[in-house]
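**Student:** Note that the protein sequences, when read in sequence, are chains Z and W.
For the first sequence, this note's numbering begins at 91 and goes up steadily by one.
For the second sequence, this note's numbering begins at 91 and goes up steadily by one.
No lab work stands behind these hints: they were computed from the structure.
Do not take every clue at face value.
Treat identical chains as interchangeable: a pair holds within one or across any two.
In silico lysine-lysine, DSS-like type, Cα no more than 30 Å apart, as pairs [said to hold, decoys possible]: (1) 155 / 215; (2) 175 / 215; (3) 175 / 141.
Protein chains: 2
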Amino acid sequence: MPAHLFREIENLKKEILTLGAMAESAVREAVAAIDNRDENAAQTVIANDMKLDEMEVQIEEDCLKTLALHQPVAIDLRFIVAVLKINNDLERVGDLAVNVAERAAFLATQPPLDASFDLQAMAGKAQEMLKKSLDALVQLSAQMAYGVLAADDEVDAMNRRMYQIVQEQIIAYPDQTESLIHMLSVSRHIERIADHATNIAEDVIYMIEGVIVRHKAEDYFRHRLGK
Amino acid sequence: MPAHLFREIENLKKEILTLGAMAESAVREAVAAIDNRDENAAQTVIANDMKLDEMEVQIEEDCLKTLALHQPVAIDLRFIVAVLKINNDLERVGDLAVNVAERAAFLATQPPLDASFDLQAMAGKAQEMLKKSLDALVQLSAQMAYGVLAADDEVDAMNRRMYQIVQEQIIAYPDQTESLIHMLSVSRHIERIADHATNIAEDVIYMIEGVIVRHKAEDYFRHRLGK
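With the rest of the complex left out, here is chain Z (with noise of 0.2 Å):
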């Protein structure tokens, strides 16, 4: 590989790992705001999706760059599509803190909760699948990626029974229903933060295997049993 691109592609993987890691605070911020009842943590995340979006933005162009400057063949172009996808995904998790934040500004407001949800594991656990998702990306780990896949039928579990809960909850407390349907919102904008994540893994797979992990066979008997 030519020094300078070389050096362009060391420079994408350090910007994509400074998104990640903002993208990672924010929905651990997110999720902190709706335990602590913090109104005003909830409004810092939001204000600083801004950053993330600015951050996305100049990666994108970065890879445009590259691509119009050194034009790369084989492993590294991958590595560069790679990064303009994972790129939007990274994007995309920050909104979700977003709309986490706008719930807990919300929630923050309103009466407690009788039932208590352990969002922290949840989000602690997406939070994992990104950190490691990235980390397979610049050390060019098939295996680590593999890792992030299984976590995600984990965090799918968790939404369920969140699911289960809220339900037996609403019919218990048919006046916190407003509350327990944003609760709900909540524990699906985090099980698609972990969804982003699977997502990243997959496309670092296909990248380093060439083998076409997003569409395999198991998902669709899993689709087909409604799993």
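Starting from the known structure of chain Z, fit chain W onto it as the hints suggest.
**Tutor:** Showing chain W alone in chain Z's frame:
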């Protein structure tokens, strides 16, 4: 533009329109399956998703081939990068249609709901947005793309009304809670489909104008006001 590159780009346009049409049909059929309480139609949508997935993989490979062989620059490079991203959005629209179909399959086994929900209007709007965003891409029309952004607010408003109705219905008919929560999920899936159409329109505008529509100041006010 060299004749070879021109042909490749024309081919990519055709392919992305085909995938767009497949995604639109999947959405239409999944929503019809809810209204018709038709479990078989829902299963067909789920089974057909494999074809969308295959098409997505082919489009991505064709983009990579075009980048490697023709090393396009300027607007051609931006066009191919836009197709890569839009390809991703369309594949996720297909997944969301599958999610709607899964709810349709479940709802068909439950007693009909007391309230009637106008899903067709919302889904029709989302499909129209999808179609217009892809027309904007192939015609390189920023004006058309801006029309899609305006429509997204309408779908968001429809989704918020849905929330309201579902909450009222849960309080009035607590025994229908499970089915009502499934209807809420459907509404959110449709809202996310409209979001993907919006992403596509934003990518088209960004490609044409080099303007960063995706993260314009307006969005921040919207976030801040929690709308």
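**Student:** For every hint, state whether the structure bears it out.
**Tutor:** Structure-based check of all given hints:
Taking the closest pair of Cα atoms, residue 155 and residue 215 never come within 30 Å of each other, the shortest separation being 35 Å inside a single copy and 37 Å across copies. In the homo-oligomer, the alpha carbons of residue 175 and residue 215 lie at most 30 Å apart both inside one protomer (22 Å) and across protomers (27 Å), since each shortest distance falls under that limit. For the homomeric pair residue 175 and residue 141, the shortest alpha-carbon distances inside one copy (19 Å) and between copies (21 Å) are both at most 30 Å.
The structure does not agree with numbered hint 1 stated previously, though it agrees with all others.
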